[in-house]
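Chemist: Input sequences plus hints: build the corresponding full structure.
Take the sequence shown: its letter number 122 is residue 122 in our numbering, and every next letter is one higher.
The set of hints was computed from the structure by calculation and includes no laboratory data.
Treat each hint with caution, since some may be false.
Straight-line Cα separation of at most 20 Å, EDC-like style, residue types lysine to aspartate or glutamate; simulated pairs [stated by the list, open to error]:
(1) 300 - 314
(2) 300 - 55
(3) 300 - 204
(4) 300 - 88
Predicted model only: the values in this text are computed from it and were never measured.
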Amino acid sequence: MQDFNLHPRCGRAPARRGFTLVELMLSLALVVVAAALIGSIMQLYARNFMTRSDDVRRMQLAQAILHMIADDIRAVVTEQEYDGSVLEQQLGASDSGAAGGGATADTGGSNLASSTVPPDSGLDDPTTTDTANLALDVETIASLPPGLYGDQYSLTLTVSRVPRPDEYLVAPPSLLEGTLVDVPGDIKTVTYYVQAPTMQGVADELNQLSGVASDGISAGLVRRALDRAVIAYAQEVGNVQAMERTGDLIAPEVVSIEFAYYDGTQGQWVYQWDSSQQSLPWLVQIAVAMQSATGEETGKFQPGTPISSLTLEDRQAFGIEVYELVVAIPGANLKAADAAQADAAGGLDSVGL
Numbered sequence: 001m002q003d004f005n006l007h008p009r010c011g012r013a014p015a016r017r018g019f020t021l022v023e024l025m026l027s028l029a030l031v032v033v034a035a036a037l038i039g040s041i042m043q044l045y046a047r048n049f050m051t052r053s054d055d056v057r058r059m060q061l062a063q064a065i066l067h068m069i070a071d072d073i074r075a076v077v078t079e080q081e082y083d084g085s086v087l088e089q090q091l092g093a094s095d096s097g098a099a100g101g102g103a104t105a106d107t108g109g110s111n112l113a114s115s116t117v118p119p120d121s122g123l124d125d126p127t128t129t130d131t132a133n134l135a136l137d138v139e140t141i142a143s144l145p146p147g148l149y150g151d152q153y154s155l156t157l158t159v160s161r162v163p164r165p166d167e168y169l170v171a172p173p174s175l176l177e178g179t180l181v182d183v184p185g186d187i188k189t190v191t192y193y194v195q196a197p198t199m200q201g202v203a204d205e206l207n208q209l210s211g212v213a214s215d216g217i218s219a220g221l222v223r224r225a226l227d228r229a230v231i232a233y234a235q236e237v238g239n240v241q242a243m244e245r246t247g248d249l250i251a252p253e254v255v256s257i258e259f260a261y262y263d264g265t266q267g268q269w270v271y272q273w274d275s276s277q278q279s280l281p282w283l284v285q286i287a288v289a290m291q292s293a294t295g296e297e298t299g300k301f302q303p304g305t306p307i308s309s310l311t312l313e314d315r316q317a318f319g320i321e322v323y324e325l326v327v328a329i330p331g332a333n334l335k336a337a338d339a340a341q342a343d344a345a346g347g348l349d350s351v352g353l
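Modeler: So, in structure tokens, the structure goes:
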């Protein structure tokens with residue numbers, strides 16, 4: 001007899017249990033949370049990447065600025081005064097040696113010696129008078145002779161460099177801009193300083209070309225390179241405001257700049273230098289301060305604030321990064337003060353001639 005209970009009964013398949021509404025809502029919530037976490041992670045990564053990229057660009061900008069200032073410092077020139085005492089001494093020695101050759105040579109030597117006006121005589125030397133008047137006129141027009149002058153927050157130096165071909169194309173003056181027009185030349189007076197936020201200073205040309213509406217306030221590192229004749233004429237006519245508006249705002253990111261000068265004769269660092277009194281410094285230290293992109297998120301730092309007045313906590317709070325470079329001026333330390341005085345006293349005998 002066949003047992004039909006051993007075989008499953010044919011018919012409709014049993015119904016399976018599905019997801020409840022609570023389980024479906026929990027699943028959707030987990031998907032939303034996971035998507036939000038992934039999106040926040042990607043956004044954080046992109047934001048960190050952009051911030052680091054801005055920091056790297058600012059480091060490269062600081063390096064380029066330091067090298068540009070260093071090139072100008074190495075190209076500085078000074079005014080060398082003419083000293084005719086050594087030449088007169090050599091001419092007198094040659095005349096004395098030629099005195100034994102005959103009376104004619106002796107007479108010529110006497111005439112040459114008598115043509116020189118003694119310094120203690122009461123006669124007026126026309127050459128000395130003209131030179132004094134010329135020096136007075138030059139000092140009236142251009143107050144500083146060629147050289148290096150600076151304090152802790154600005155630097156002015158006279159550089160010698162062959163002009164580029166594009167510098168010979170002089171742009172026509174614009175009365176609306178109110179700036180000075182430079183002329184081609186190999187001797188330029190270059191000035192570096194940080195401009196505080198103002199509407200009367202050097203304008204940001206890149207901001208004007210971008211087409212973005214601005215309030216006209218510009219700040220940052222300014223480099224002014226003008227011919228000495230242009231500066232002399234501006235000082236003569238009293239056009240100081242136009243000279244203050246002339247220059248290039250090369251780095252709005254720079255919030256402060258400081259200089260220090262090494263006096264090789266005294267063996268110490270000083271914060272002021274005058275080449276007319278101290279010749280050239282052996283070393284020049286440049287410190288450029290820039291605010292990082294992460295520091296700008298906490299608060300904008302006021303450009304022109306001295307970085308030496310900030311504490312370490314303030315620098316960390318505002319994200320101030322300081323980049324330094326020490327530049328050696330070629331030929332500035334070739335002759336010390338004592339050696340220079342000895343050479344002047346001994347003439348050419350000190351060098352074996």
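Chemist: Has the given pair, residue 300 with residue 88, been kept, meaning a C-alpha gap of at most 20 Å?
Modeler: violated (65 Å)
Chemist: Mind checking the alpha carbons of residue 300 and residue 55 for me, to see if they're no more than 20 Å apart?
Modeler: Holds - the C-alpha atoms of residue 55 and residue 300 are around 16 Å apart, at most 20 Å.
Chemist: Does the structure keep residue 300 and residue 314 at a Cα separation of 20 Å or less?
Modeler: holds (12 Å)
Chemist: Between residue 300 and residue 204, does the CA-CA distance stay at or below 20 Å?
Modeler: holds (18 Å)
This entry does not satisfy hint 4, going by the numbered hints stated previously; all others are met.
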